[in-house]
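Chemist: These are the residues of each chain, in order.
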Amino acid sequence: MSSWILPEGISDLTGDSALLVENNRRSLLDLYKSLGYEFVIPPIIENIESLLLTSKEVDKKTFKFLDPTSGDLIAVHSDITPQIARIDAMRSTDEVEKYCYVNSIVQTQVDDFYASRSPIQVGAELYGDNSYKADIEIIDLMLKSLESIKLNNLIVNIGNVKIFNLLAKKVNLDEDDLKQLSLIFVRRSKPDLADFIKQSSKDLSLFSTLINLEGDSSVLTLAIEYFKDDKDIINCIKEIQEIGKYFEDKDYKVMYDLAELKTYGYHTGLIFSVFNDTFKKVIANGGRYNGIGKVFGMERPATGFSFDLKYLSQV
Amino acid sequence: MLTIALSKGRILKETLPLLATIGIEVSDDELNSRKLILDSNVEDIKIIVLRATDVPVFVQHGVADIGVSGKDVIEEKGYMGIYELLDLRISKCRMMVAAKSASDIQKNLLKVATKYPNTAKNYFNKINRQVEIIKLYGAMELAPVVGLSDCIVDLVDTGNTLKANGLKAFDEISSISSRLIVNISSYKSKNIEIKDLVESLEKNL
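Those protein sequence lines, which keep their order, are chains R and Y.
Here the first sequence is numbered in this note's numbering, starting from 1 and rising by one per residue.
Here the second sequence is numbered in this note's numbering, starting from 1001 and rising by one per residue.
With the rest of the complex left out, here is chain R:
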């Protein structure tokens, strides 16, 4: 093998590509600064516990090695969100804190097609505000970020993982069944769901309703009808409705997807993603991860988004 061949999923950025990423980085940081987001540069390596939190997905994607200085296991950051949770927890504050970052990260495996193992992760996170207005602010910033790097015709997709979790709790699913059902929803495999429901001794019919609740705003009206007896689910749907309307009024195309789940285990409520018709995969995403700082002794409401600047600048 030639010595200049890089490992799989790792690449250089040179010339115009490198300049484009740098120019985009600068305009994004200017945008975040103008809106009061504090720029942070977390370290490349950290103690393993603080980087992985409790997410198995983050764990799988993280390079780990033995620190010859301390003899402890340390890891290279594969996601910035756990580091922001640590930074926020260290401040021990009740105030609203807003962070932004643009960092190279390294992952053991790619997130999806067209992804590299060394993305440049851009993101913004808002801590200490549990209201849907904080989610609107974050989604708005996500869209402004994408527009600032010249991406248009954006489609906003909104869901809430709490709906699935509340239904699962209601039917008292055990851990194995919950895992299997989550996977079926991530794959959106309607045939597998039909088999799963048939084989279960529990009444899981509401899940076959849930898996079809995606599309334009009319699905929210349907969802309110289906779940009218469950106050918590209705609250989730109404919150989605408020947020969606805000962006519809701003002339964005908004899709609602109540069956959407995230593969990263730390999301607790509202989730969102952005698509457009020229890209063949999700271009940015995020959501609410309240209590993510628990491992650091600070459980605060938190919401944020991220995307891979390298990918979006290259395409």
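Derived by calculation from the structure, the hints in this document are not laboratory data.
A couple of the hints might just be wrong.
[Unchecked claim] List time: in silico BS3-like cross-link candidates among lysine-lysine, alpha-carbon distance up to 27 Å:
#1 R:Lys-262 <-> Y:Lys-1190
#2 R:Lys-250 <-> R:Lys-169
#3 R:Lys-33 <-> R:Lys-56
#4 R:Lys-238 <-> Y:Lys-1190
#5 R:Lys-245 <-> Y:Lys-1195
[Stated by the list, open to error] If you want a taste of the chain Y side facing chain R, the calculated C-beta under 8 Å gives, among others:
#6 Gly-1062
#7 Gly-1081
#8 Thr-1161
By construction, the Cβ of each residue, glycine as well, lies at the ideal position given by its N, Cα and C atoms.
With chain R held as given, fit chain Y onto it using these hints.
Modeler: Just chain Y now, kept in the frame of chain R:
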């Protein structure tokens, strides 16, 4: 514009009549030509015909919006970037573990010959069996007969090929049929067109 990827052979033969029921047809001239991208009678719908194993790859990368692929291939390739929306109930068969005798699959370190290494590995992991996978591209039934492996993991339709080679099917890993898969990004950006197509197909199954 929607691009539908179909795989050559049995799936193509069984999918075309299904598409015809919802008004999407490909002329014999197109099918018999050497073209790889075929026009349908609907202006906005193109058909591409691929090897079975390539269909999920084209859909995952968004080169095709929709694909029809065997569940065996989807399981093997993984679900990254796709939704699996419909069981088309065609090209049905079973993914099985087969061997010469039951005692052959009781060994501690089982040698498994298969075209589906991920499926085989996942199955044996799930039942806590340690296995050594031997990836083959064809003539699977030969492997246990000549002593290359203890058993095979393969698709079984009638079971005649197993029988002819002195093998028996033991455990069923999963039942297989053709599934309609969709690229997630296409599903969001062409939601109405894709949903209409899926719903019409579902009604005609």
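Chemist: Are any of the numbered hints broken by this structure? If so, which, sorted upward?
Modeler: Hints 2, 3, 8 not satisfied by this model.
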